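Residue numbers (my numbering), protein chains in the order written: chain H, 3 to 292; chain W, 12 to 251; chain V, 99 to 436.
These are calculated hints, taken from the structure and not from any lab test.
Do not take every clue at face value.
[Claimed, not checked] Label pairs and their computed distance ranges (CB to CB):
1) V:L431 <-> H:G116: 43 to 51 Å
2) V:F141 <-> H:P87: 34 to 42 Å
3) H:A91 <-> V:S390: 56 to 64 Å
4) V:L400 <-> H:A178: 29 to 37 Å
5) V:L415 <-> H:G116: 25 to 33 Å
6) H:A150 <-> V:F141: 33 to 41 Å
7) W:G77 <-> H:R162: 58 to 66 Å
8) W:L125 <-> H:P87: 36 to 44 Å
9) V:L318 <-> H:F58: 55 to 63 Å
Note that this is a predicted model, so its numbers are computed, not measured.
For glycine and all other residues, C-beta sits at the position ideal for the given N, C-alpha and C.
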Amino acid sequence: MALYQALLNGLLIGGVYALISIGLTLVFGVMDIVNFAQGEFLMIGMFLAFFGHRLFGLDPLVASVGAGLIVFALGVVVERVVIDPIIDAPPLAQIFATVGLSVVLSNAAAAAFGNEYHGVTTPYGAVSVPFLGAHLPLSYLLAFACAAVAASLLYLFLNRTDVGRAMRATAQNRNAAVLLGINPRAMYMLAFGLGVGLAGFAGAVILPYTVAYPAIGSQFVLIMYTVVVLGGLGSVRGAAVAGLAIGVIQSVSTVFLATELQNLVVFLIFVAALILVPGGVLKSVRLRRA
Amino acid sequence: MSGPLLELRSVSRRFGGLLALSEVSFQVQAGELVGVIGPNGAGKSTLFNAIVQLIPPSSGQVLYQGRDITGWPVNRVVASGITKTSQMVQVFGEMTVLENVLIGALLHQRRLDLARRQAIEDLEFIGLAPRAELPARDLTLADRARLELARALAVRPRLLMIDEVMAGLTEAEVGEMLDRLRAMNRERGITLLVIEHNMRAVMEVSQRVLAFEQGRLIADGDPSSVSRDPQVVEAYLGMG
Amino acid sequence: MSDSAAPSLRIPSRRGRRAVEAALALVLLGLLLAAPFYVGTEFALRIATLCCLFGTMSLGWNLLGGYANQISLGHAVFFAVGAYTTGLLEIDFQVTPWLGIPAGMALAVLVGIGIGIPTFRLAGHYFALGTLALLQIGDILFTYYRQFTGGTLGLTLPIRGYRPEMFSFKYPIWYFYIAAGMMVGALLASRLVLRSGLGYRLRAIKENPLAAQLAGIDLLRTKLTALAVSAAVVAAGGGFYMQFIQFIDPDSAFSFQTSINMALFAIIGGVNSWWGPALGAMLLVPLSEYTSLQLTGRLAPLGPLAYGLLLIVVILLRPRGLAEWLLRLWERLWQSPT
Numbered sequence: 003m004a005l006y007q008a009l010l011n012g013l014l015i016g017g018v019y020a021l022i023s024i025g026l027t028l029v030f031g032v033m034d035i036v037n038f039a040q041g042e043f044l045m046i047g048m049f050l051a052f053f054g055h056r057l058f059g060l061d062p063l064v065a066s067v068g069a070g071l072i073v074f075a076l077g078v079v080v081e082r083v084v085i086d087p088i089i090d091a092p093p094l095a096q097i098f099a100t101v102g103l104s105v106v107l108s109n110a111a112a113a114a115f116g117n118e119y120h121g122v123t124t125p126y127g128a129v130s131v132p133f134l135g136a137h138l139p140l141s142y143l144l145a146f147a148c149a150a151v152a153a154s155l156l157y158l159f160l161n162r163t164d165v166g167r168a169m170r171a172t173a174q175n176r177n178a179a180v181l182l183g184i185n186p187r188a189m190y191m192l193a194f195g196l197g198v199g200l201a202g203f204a205g206a207v208i209l210p211y212t213v214a215y216p217a218i219g220s221q222f223v224l225i226m227y228t229v230v231v232l233g234g235l236g237s238v239r240g241a242a243v244a245g246l247a248i249g250v251i252q253s254v255s256t257v258f259l260a261t262e263l264q265n266l267v268v269f270l271i272f273v274a275a276l277i278l279v280p281g282g283v284l285k286s287v288r289l290r291r292a
Numbered sequence: 012m013s014g015p016l017l018e019l020r021s022v023s024r025r026f027g028g029l030l031a032l033s034e035v036s037f038q039v040q041a042g043e044l045v046g047v048i049g050p051n052g053a054g055k056s057t058l059f060n061a062i063v064q065l066i067p068p069s070s071g072q073v074l075y076q077g078r079d080i081t082g083w084p085v086n087r088v089v090a091s092g093i094t095k096t097s098q099m100v101q102v103f104g105e106m107t108v109l110e111n112v113l114i115g116a117l118l119h120q121r122r123l124d125l126a127r128r129q130a131i132e133d134l135e136f137i138g139l140a141p142r143a144e145l146p147a148r149d150l151t152l153a154d155r156a157r158l159e160l161a162r163a164l165a166v167r168p169r170l171l172m173i174d175e176v177m178a179g180l181t182e183a184e185v186g187e188m189l190d191r192l193r194a195m196n197r198e199r200g201i202t203l204l205v206i207e208h209n210m211r212a213v214m215e216v217s218q219r220v221l222a223f224e225q226g227r228l229i230a231d232g233d234p235s236s237v238s239r240d241p242q243v244v245e246a247y248l249g250m251g
Numbered sequence: 099m100s101d102s103a104a105p106s107l108r109i110p111s112r113r114g115r116r117a118v119e120a121a122l123a124l125v126l127l128g129l130l131l132a133a134p135f136y137v138g139t140e141f142a143l144r145i146a147t148l149c150c151l152f153g154t155m156s157l158g159w160n161l162l163g164g165y166a167n168q169i170s171l172g173h174a175v176f177f178a179v180g181a182y183t184t185g186l187l188e189i190d191f192q193v194t195p196w197l198g199i200p201a202g203m204a205l206a207v208l209v210g211i212g213i214g215i216p217t218f219r220l221a222g223h224y225f226a227l228g229t230l231a232l233l234q235i236g237d238i239l240f241t242y243y244r245q246f247t248g249g250t251l252g253l254t255l256p257i258r259g260y261r262p263e264m265f266s267f268k269y270p271i272w273y274f275y276i277a278a279g280m281m282v283g284a285l286l287a288s289r290l291v292l293r294s295g296l297g298y299r300l301r302a303i304k305e306n307p308l309a310a311q312l313a314g315i316d317l318l319r320t321k322l323t324a325l326a327v328s329a330a331v332v333a334a335g336g337g338f339y340m341q342f343i344q345f346i347d348p349d350s351a352f353s354f355q356t357s358i359n360m361a362l363f364a365i366i367g368g369v370n371s372w373w374g375p376a377l378g379a380m381l382l383v384p385l386s387e388y389t390s391l392q393l394t395g396r397l398a399p400l401g402p403l404a405y406g407l408l409l410i411v412v413i414l415l416r417p418r419g420l421a422e423w424l425l426r427l428w429e430r431l432w433q434s435p436t
């Protein structure tokens, strides 16, 4: 019974992991940059939703769209100023530009808002919905639904619009994309904005069941990378499936292990994934079938 | 050593649906100077990469001194005596010309001072000594190709595969380069495989020519017979 | 014939650069050894000691991260191995740190090889991610197995009186001289590696792995060698830290901040230089200690915020770091009269 409940909870949390990781993998796929500041953009989304709630009484789920857009705009600016100059630089510069960004953003937030926990109370915060013999917290359910909608919209954007197709073309082969008349720098700006915007959106939709604080990004960092590596760096569909899987694994492992060790399982999977299947578990399964 | 220095047994290399090398078999004896010709996309560079195991064959074997080296790590192949220069020239741009060659010399000479002396000799041989202290990135493309050749020479190979080192050279420089190739082959006893688009140069310098088309070896013989081979003529005319 | 004239101009400049480097190193060393004479307070001496400690660790990080561009985001793991090995050996088995520190270094080498073999086969990003994961795994394990490690309460060294043979000194100056000696050792190792075959191989791998392989370089073995030296140097720093601070807990041992600081000092000082990382630590550690003293409470994050900004600005504007910039400046001054 506890296992069943943990499984469902894991799926719901996993949906949000999937959304954050899709943003990360999109940036990697298109730009070949690992954004170590992705968690900080999530944190910014959370704070935007928090202040939307406190100053204007907006529900975080309503504010999430605005938070996503604001983080998107911030991402576009950051891409232009910090990422664009190092897009062809050696790994040292690439890695530490985004690491520096994460240090700046988390400490700027700490200076501005303090290190206290910032949470909101919503009408549905304490409500549970019965579901096939289990109880699903409504806030988790709503966050999952929002994540699913956002991920579906992104999927449609990438597959059904000209800009989305141009972005995928850039991801596959930058030089060929240039020959097709695509401006890769515009694509980079858009991809980075979208990638971090999704994290900002996700930050807002999880606020009802968690709290915002400046260092929360680091809580998500390795989970995101585990999802992205498991799904295959750069694969959007892989990240979606791996996100759900990691949510379930993390949640189910608490049934068997001490709470302190719940992330250990995730990180061990991460290391195993790095070592055994660097191209991504899902990709290698697909290749074997083909 | 009585057998061939290098032997390929039905080596194939597939890239997705494309067969870049198809059932290629031939032998090279120690001391030969062999030209490799063929139109663009015939699989010549892939052949070199398959021999040095940079792009291991999908099937077939590469034998070196009778040993099957298929699937060996590249550095082990190089340490055992095979190396190559690259069509897309590969040098260490931020290092000086001398340091580039020194890296190669360090493979068999662990002492830095002796390795440096050897590198200077190799640079003199290749004609780049006056530029020894320049950063490699400041060289012209033709000089960078020569630098890669000097570095390849510095690892003291028994079999050296040279991928288009004459592109961009003047008539006189081509003549000098041909002299150098002969000197490497005769004086240093290095077995050479040379890809070259300059047909006159390759026919002049080679003792034997391998002709490729669409991943297949279509002719193997002395320069004059290969140049008259109807399949070879067809391949070149066909490319127009 | 402009290009044949160029090398003859460059050779003296290279020699000049060596002379400048040696002169700078001597000045630095002199300043260091004389520190007790102009460093009046105990607080200042503590900062000087920390400068040497972080200088050592940053030099260690740079052997791999700077020379070969194999970026580790979890190098504090080796610091933690050094600190915990020394501390546990002393507390549980009364082993003197003079043996405990080398033991920690050896263990760190083994850990390094364990993480290096699987991740070095992969592209640059994966090694960074792998070391980051190792850091988190270490944190969780050392927090959870509290019966061995003290858990979140950490390890505190027993009061031992002043016994030099147990690494316990009456005057703080001794800790400073040991740290300074450690950094001089790291500087020498750093210079030795850079000017040796290993250094050339690492640079080759950094610049063009394909060409390095064609020159017969064993990529995995070369990177592992550098990682082993790097891990040992950082672990020595960890062992010293345990003795100097006399306390360690998982959060301060497996710290992302410590990992990043090692890299930060190296990048700001100059990753291609054998002394750049030490220079970076000399500049930033005092600044960091001073600001953390001044900026408290709500203002505390401003210090790290400034380092983050500095890191980004240096990467964007001076990717070769201060060392290279200083050398260029000096050369210009030195050559202008002739």
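Against the structure, the hints come out as follows:
As the Cβ distance of V:L431 to H:G116 is approximately 48 Å, the hint placing it in 43 to 51 Å holds. For the pair V:F141 and H:P87, the supplied restraint of 34 to 42 Å holds, since their beta-carbon distance comes to about 40 Å. Here the CB-CB span from H:A91 to V:S390 is close to 31 Å, at odds with the stated 56 to 64 Å. Distance hint check for V:L400 and H:A178: the Cβ-Cβ separation is about 46 Å, which falls outside the suggested range of 29 to 37 Å.
Remark: the range hint 25 to 33 Å for V:L415 to H:G116 is upheld by a beta-carbon distance near 32 Å. A C-beta distance of roughly 56 Å is found between H:A150 and V:F141, which places it outside the suggested range of 33 to 41 Å. The supplied range of 58 to 66 Å is met by W:G77 and H:R162, whose beta-carbon atoms lie about 59 Å from each other. For W:L125 and H:P87, the hinted distance range of 36 to 44 Å is satisfied, since their beta carbons lie about 43 Å from each other.
For V:L318 paired with H:F58, a C-beta distance near 57 Å keeps the hint of 55 to 63 Å intact.
Violation of the numbered hints given earlier is confined to hints 3, 4 and 6; the remaining hints are satisfied by the structure.
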